[in-house]
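Heads up: the sequence lines are chains A, B, C and D, in that order. 345 is the number that our numbering gives the last residue of the first sequence; the numbers go up by one with no jumps. 345 is the number that our numbering gives the last residue of the second sequence; the numbers go up by one with no jumps. 319 is the number that our numbering gives the last residue of the third sequence; the numbers go up by one with no jumps. 319 is the number that our numbering gives the last residue of the fourth sequence; the numbers go up by one with no jumps.
Keep in mind that the hints were calculated from the coordinates and are not lab data. Glycine included, each C-beta is placed from N, C-alpha and C at the ideal position. Just to be clear, a hint being listed does not mean it is correct.
Unchecked claim - Reference excerpt, derived from the structure (chain B facing chain C, CB under 7 Å, subset only):
#1 M9
#2 G68
#3 D70
#4 S78
#5 G81
#6 A85
#7 T86
#8 G88
#9 G93
#10 R121
#11 G125
#12 L142
#13 G161
#14 T199
#15 P203
#16 N205
Unchecked claim - Label-pair ranges, simulated between beta-carbon atoms:
#17 C:D295 x A:N205: 57 to 67 Å
#18 A:H302 x B:Q273: 11 to 21 Å
#19 D:D189 x B:G62: 50 to 60 Å
Unchecked claim - Computed far set for chain B versus chain A, every beta-carbon distance over 10 Å:
#20 S104
#21 D111
#22 G141
#23 P160
#24 A267
#25 A292
#26 E297
#27 T315
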Amino acid sequence: MSTAVSDQMVEKSFLQALNDAIAFSMRNDFRVIVLGEDIAGGAGQGTPLEGSMGGTFGVTKGLLEEFGKDRVRDTPISEAGITAATVGAAMAGLRPVLDLMWASFAPNCFDQILNQAAKLRFMSGGQAKIPLVIRMAVGGGLRAAAQHSDTLYPLFTHLPGLKVVVPATPAEASGLLIASINDDNPVVFLEHMALYRTTGLVPVNHEAMSLGKLGVLRPGTDLTIACVGQAALLGIEAAEILAIEGIDAEVISLRTLQPLDLDGLVACVSETQRLVIVEESPPRCSVSADIAASISELLFGHLLAPIGRVNSAATPVPFSPPLEDAYLPSVAKIVNKCKVVLSAV
Amino acid sequence: MSTAVSDQMVEKSFLQALNDAIAFSMRNDFRVIVLGEDIAGGAGQGTPLEGSMGGTFGVTKGLLEEFGKDRVRDTPISEAGITAATVGAAMAGLRPVLDLMWASFAPNCFDQILNQAAKLRFMSGGQAKIPLVIRMAVGGGLRAAAQHSDTLYPLFTHLPGLKVVVPATPAEASGLLIASINDDNPVVFLEHMALYRTTGLVPVNHEAMSLGKLGVLRPGTDLTIACVGQAALLGIEAAEILAIEGIDAEVISLRTLQPLDLDGLVACVSETQRLVIVEESPPRCSVSADIAASISELLFGHLLAPIGRVNSAATPVPFSPPLEDAYLPSVAKIVNKCKVVLSAV
Amino acid sequence: MISIKTLEQSFREMLRIRLFEERVRREFGKGDMPGFVHVYVGAEAIAVAVCSQLEKTDMITSTHRGHGHCLAKGVEIAPMVAELYGRESGLCHGRGGSMHIADFSKGVLGANAIVGGGIGLAVGAALAAQTLKDGRIAVTFFGDGASNQGVLHESMNLASIWKLPVVFVCENNGWAESTPASYSTSVSDIATRAAGYSIPGVAVDATDYGAMHIAAEQAISRARVGDGPTFIEAKFPRQVGHYVGDGEAYRNRDERKNARDSDVIAKTRLALESRGVDVISIVSETENLIIKELDSAFDAARQGKWPSTDELEKYVYSS
Amino acid sequence: MISIKTLEQSFREMLRIRLFEERVRREFGKGDMPGFVHVYVGAEAIAVAVCSQLEKTDMITSTHRGHGHCLAKGVEIAPMVAELYGRESGLCHGRGGSMHIADFSKGVLGANAIVGGGIGLAVGAALAAQTLKDGRIAVTFFGDGASNQGVLHESMNLASIWKLPVVFVCENNGWAESTPASYSTSVSDIATRAAGYSIPGVAVDATDYGAMHIAAEQAISRARVGDGPTFIEAKFPRQVGHYVGDGEAYRNRDERKNARDSDVIAKTRLALESRGVDVISIVSETENLIIKELDSAFDAARQGKWPSTDELEKYVYSS
Ligand SMILES: Cc1ncc(C[n+]2csc(CCOP(=O)(O)OP(=O)(O)O)c2C)c(N)n1
Ligand SMILES: Cc1ncc(C[n+]2csc(CCOP(=O)(O)OP(=O)(O)O)c2C)c(N)n1
Ligand SMILES: [Mg+2]
Ligand SMILES: [Mg+2]
């Protein structure tokens with residue numbers, strides 16, 4: 001373990017990768033604290049520190065035991081108050097990592113995100129420094145219905161002053177979360193719930209990935225499938241199906257929506273000349289629209305087909321399983337869209 | 001006045017058109033109430049009802065005197081509470097018209113807009129009916145700086161369940177506000193501050209305009225300039241400048257962003273084959289991106305040039321006048337972008 | 001003290017809710033109920049005391065733990081169960097599920113999965129009633145956890161200055177998920193916060209049905225006669241996990257056990273017995289009735305039609 | 001009672017703020033100051049009583065009406081005025097203006113144009129101080145209008161359960177724009193709301209400098225020694241329009257006149273005189289000093305360079 005660790009990889013779950021990344025960052029920097037509703041959970045009841053919940057999904061499990069109550073704080077259900085507090089704490093010298101549970105609760109603290117975190121540095125002419133990571137679970141598939149399943153990717157991406165991160169794999173979860181905690185700006189870190197139990201190889205040395213570089217998850221020459229977060233897993237499945245039919249699709253994880261690696265994307269699509277974008281959000285003013293607009297402009301005349309977009313339906317997220325399935329992007333929808341894009345001359 | 005009023009028009013300001021539209025709707029339907037911070041203003045101090053403020057811009061002036069305190073209510077500064085209350089009141093039989101002052105304050109009640117107003121009908125399987133209009137002043141130019149100048153057009157447009165209205169002229173202010181109050185859905189009604197004092201002809205009969213139909217403010221054959229709200233006035237000025245150089249630009253007011261008149265837009269751009277979109281919002285995941293993505297797809301191969309987009313800068317709104325001017329869309333920027341679009345082969 | 005008749009009737013109603021919820025827990029274990037559910041076990045006195053004294057046209061807003069409120073307000077079982085299974089015949093045509101269950105025809109303006117989400121809606125419903133002068137009142141139920149949401153503060157202030165016909169019912173079960181109220185809440189009686197809004201606030205033992213009934217009666221009558229809002233903090237210990245399936249590893253065993261020892265249904269049963277009521281027959285009667293209803297509701301729900309995916313966009317807008 | 005020396009020193013400071021604000025009003029009238037401004041006239045005792053007892057490293061958050069807080073916390077006049085004119089040499093390089101004026105080097109974490117926006121930030125600053133154990137404390141100023149924002153409730157609760165070193169200072173001038181506190185606020189002393197969070201709350205007459213000073217002293221020392229938050233409601237009547245240029249047509253004339261009759265500077269002047277202090281020299285000394293400073297600050301600001309539009313995107317992200 002002591003030499004040449006840099007190339008070493010270890011298999012772990014997305015959830016464990018996040019947990020390790022936070023613990024690593026906390027060990028390295030005493031200013032890093034974590035807080036949120038139930039992120040320690042039940043601490044102080046019964047045998048001290050036992051049975052703590054570690055957040056709804058367990059991402060912060062064990063941190064309380066290692067770092068103590070001052071650095072691992074359960075909070076009341078007060079999204080506005082706790083978010084404001086982390087913004088203030090960041091301006092005053094800490095590097096908080098806030099867990100908001102579900103992104104659907106972020107509207108409760110949208111003032112603090114939009115008017116405070118995103119703007120204070122600018123309004124103060126560069127005086128404020130806000131090293132803050134706001135983690136949220138996003139997305140559908142759990143039958144959690146309309147008020148627990150939003151991704152809100154486009155809402156955050158629209159706001160200058162925020163960085164927006166959407167890991168798709170355990171390696172990305174690790175590298176991007178470490179980078180986000182190291183970053184001196186407010187970062188919205190969006191974890192799709194369907195990813196927590198997925199596994200993959202992660203560098204043991206906790207290397208930061210740079211924010212603003214996409215990842216090519218699968219090389220391919222016939223068309224590019226650019227994916228937001230968890231959609232990349234669907235993209236890969238779709239590519240595998242297409243491969244059976246002799247179609248060689250490139251699959252991209254965008255990794256960060258702000259900054260967006262537009263150069264990287266242009267480079268990829270210049271080669272394939274066909275693009276499908278996959279995003280689990282309703283279509284209007286979405287990330288897929290954003291990218292489609294930019295690529296259409298930058299590669300005008302070089303694309304062989306209209307850009308295909310696979311989004312969620314233009315509805316709130318329904319509860320009923322068949323409706324939710326119809327609402328969500330799916331492998332089948334991606335395959336179909338790719339075929340449409342490939343069939344265009 | 002008693003016969004054939006339907007064609008009659010009267011000159012009035014944008015502000016007066018709004019005021020008249022609200023009063024008209026209140027006279028017609030006792031369920032229509034208005035509320036918001038300072039919308040009556042100072043009522044109850046001194047001589048009863050005298051000197052009332054009528055909102056920050058005066059849009060609701062005089063309503064208190066005509067309709068009384070039960071239907072014209074000042075509220076505390078509690079955006080979340082008052083918005084929730086209007087959603088609840090709408091579900092329980094009223095047709096509230098809520099004034100949130102500036103759109104920059106809407107993040108304070110984003111839960112109520114995003115999770116409640118926009119979703120309750122869907123989540124309840126069609127049981128909830130939410131006839132609610134949320135009015136907000138939007139936009140820059142007043143040197144009001146970052147926390148008083150947002151438009152948030154894309155944020156609202158992204159959310160299924162809301163309608164989003166952006167009038168550009170007094171006639172649109174009148175016709176669209178009446179339609180919004182008549183509508184059984186939550187409508188976000190966005191009034192650009194630079195418009196209040198503009199004047200124009202308005203039908204005397206208070207006719208509703210349909211939500212979901214764009215307006216052609218200036219016909220033209222060489223390119224289409226599609227504008228969001230107040231940007232249309234810049235678009236017209238730009239078109240006039242272009243006209244001097246022999247370029248015949250069509251100027252469109254989109255009027256409603258949700259529903260969006262995509263058919264109407266396709267029809268226009270099919271003719272001109274060149275499109276510039278003007279929107280006062282930062283560019284990422286914006287309305288201009290949304291429209292550019294759709295039109296690029298629908299008119300793939302039929303456009304003579306990449307779609308041009310004129311947005312605000314990708315920053316919070318700066319205070320300093322030269323910076324704010326550089327931040328905002330402008331006539332010059334539109335003219336330049338049109339020329340770029342026209343010069344492409 | 002409330003009458004035997006009232007106590008007996010309320011006991012039946014509480015038992016109905018308990019049996020419904022216990023059944024939901026069991027059925028959930030079978031794995032075919034989508035999503036997650038939170039049951040009202042232990043809190044029955046609150047919904048029953050309040051809703052049994054409301055009119056059908058009165059309006060309530062509920063929480064993620066809303067089955068009890070629905071049942072007490074008169075919502076039918078079959079369409080409730082169908083909703084839990086996401087079927088077209090559900091109250092919300094399968095769009096909402098347990099956390100968003102609603103029945104506007106019974107004045108249930110919806111469970112709300114945003115903690116604190118329903119509070120302001122009820123204030124608005126009360127505003128509508130006051131403005132329309134139609135005599136309705138509104139009640140909002142919410143948890144101790146929700147009491148730390150700012151919208152409660154704003155809503156209490158609004159209700160107070162406008163003297164709205166609304167009752168705030170804080171269901172303090174001592175926990176918000178894994179977070180004890182003693183940790184998260186800066187005051188031992190949440191009801192004391194009402195004084196900051198000139199609203200009468202009362203803390204009640206919600207394991208004592210009679211006390212709960214009287215508190216509800218007073219609040220409802222204040223609202224009904226136009227005297228404005230009341231805040232009731234209904235205290236009881238959480239008997240079950242936060243959601244069905246929550247093992248409560250974070251919770252002290254003794255505290256859990258004690259919680260079960262002060263069960264309102266057991267206590268009411270004793271109270272009725274001590275007043276000479278034949279509780280055994282009441283229980284078996286109630287059980288017989290509801291078990292049949294539940295059997296057929298669960299069967300029907302499981303066999304019910306799914307919503308058509310063609311109608312995915314059906315209820316986004318009203319036209 | 002506070003010492004003559006303290007009273008005299010505070011009088012000078014209050015006068016400085018008054019003269020600054022009166023000058024801002026006059027200069028604003030010339031039409032070349034961009035945007036809109038809100039002045040601190042009549043509230044001076046609050047900022048001075050609090051900030052004169054803070055350390056430079058202590059942190060405050062302010063409101064749309066923030067000039068007084070800045071001056072009392074030691075911010076220099078020239079870069080303040082430059083900021084009001086949107087110049088590159090302004091504290092925020094012209095990006096913020098009056099409503100977002102900030103000077104982190106003096107612990108001023110910013111005026112905030114969102115009503116209630118600064119409250120939670122100060123709680124967070126106090127959390128940082130507590131976690132880093134560096135002895136700093138934080139103070140948040142906000143108005144009576146802001147007291148109806150839910151984030152205050154959430155922030156008080158947080159500060160209380162974590163015993164944070166923060167002071168809540170509610171500047172109750174009786175008005176929020178055109179809306180009287182008596183209409184919008186459901187309690188006559190906003191300070192009574194603190195009890196709902198187990199926070200000591202005190203209502204003070206902010207036109208009585210000594211009372212204000214002592215209240216601030218107690219709150220600051222509680223925070224400093226780790227005893228947690230305090231809530232001060234500083235009451236005074238609004239003497240001027242909401243913003244510079246507000247004609248206050250909505251306001252009763254007598255009420256306006258009475259407001260001006262209980263001016264803290266006039267009252268403190270009398271108090272000093274009655275204690276034998278030569279106030280006339282203090283006033284002329286203070287005037288002489290600040291008028292010069294203001295002359296040159298306004299001149300410099302008006303002639304100052306605009307920010308370069310090439311740097312429009314400069315401060316969006318830190319790198
Ligand atoms: C705004 C928001 N924040 C957090 C959650 C997650 N959540 C669901 S229930 C719950 C606890 C609620 O506690 P309480 O209000 O006491 O109700 P109880 O579950 O005890 O009945 C939490 C934190 C949520 N649904 N909404
Ligand atoms: C969230 C929000 N809502 C509304 C406004 C508009 N507004 C600016 S100042 C003000 C009144 C504030 O009153 P108060 O807090 O008492 O402060 P004062 O102006 O009296 O000092 C209002 C409503 C705002 N800036 N932010
Ligand atoms: Mg609880
Ligand atoms: Mg005030």
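Hint check results:
1. M9: Hint violated; B:M9 Cβ to chain C Cβ min 30 Å, cut 7 Å.
2. G68: This hint is violated: B:G68 lies away from chain C, its Cβ roughly 11 Å from the closest one there, beyond 7 Å.
3. D70: 6 Å, holds
4. S78: 4 Å, holds
5. G81: 3 Å, holds
6. A85: It holds, given that the least Cβ distance between B:A85 and chain C is near 4 Å, below 7 Å.
7. T86: 6 Å, holds
8. G88: 2 Å, holds
9. G93: For B:G93, the interface hint holds, since the closest Cβ of chain C sits about 5 Å away, which is under 7 Å.
10. R121: With a minimum Cβ separation of about 6 Å from chain C (threshold 7 Å), the hint on B:R121 holds.
11. G125: With a closest approach of 3 Å, the B:G125 hint holds.
12. L142: 28 Å, violated
13. G161: 6 Å, holds
14. T199: Since chain C brings no Cβ nearer than about 34 Å to B:T199, farther than 7 Å, the hint is violated.
15. P203: Nearest chain C Cβ about 25 Å off; hint violated.
16. N205: Violated - the Cβ of B:N205 stays beyond 7 Å from chain C, reaching only about 24 Å at its closest.
17. C:D295 x A:N205: 57 to 67 Å: 59 Å, holds
18. A:H302 x B:Q273: 11 to 21 Å: The hint (11 to 21 Å, Cβ to Cβ) holds, given that A:H302 and B:Q273 are roughly 18 Å apart.
19. D:D189 x B:G62: 50 to 60 Å: 35 Å, violated
20. S104: 6 Å, violated
21. D111: At about 4 Å from chain A, B:D111 fails to clear the 10 Å cut-off, so the statement is violated.
22. G141: Consistent with the label, B:G141 stays out of reach of chain A, its closest Cβ about 18 Å off (over 10 Å).
23. P160: B:P160 is in fact no farther than 10 Å from some Cβ atom of chain A, at 5 Å.
24. A267: 18 Å, holds
25. A292: Nearest chain A Cβ is 4 Å from B:A292, so the label is violated.
26. E297: 4 Å, violated
27. T315: The assertion about B:T315 is violated, with a minimum of 5 Å to chain A.
In the structure shown, a violation is registered for the earlier hints numbered 1, 2, 12, 14, 15, 16, 19, 20, 21, 23, 25, 26 and 27, in ascending order.
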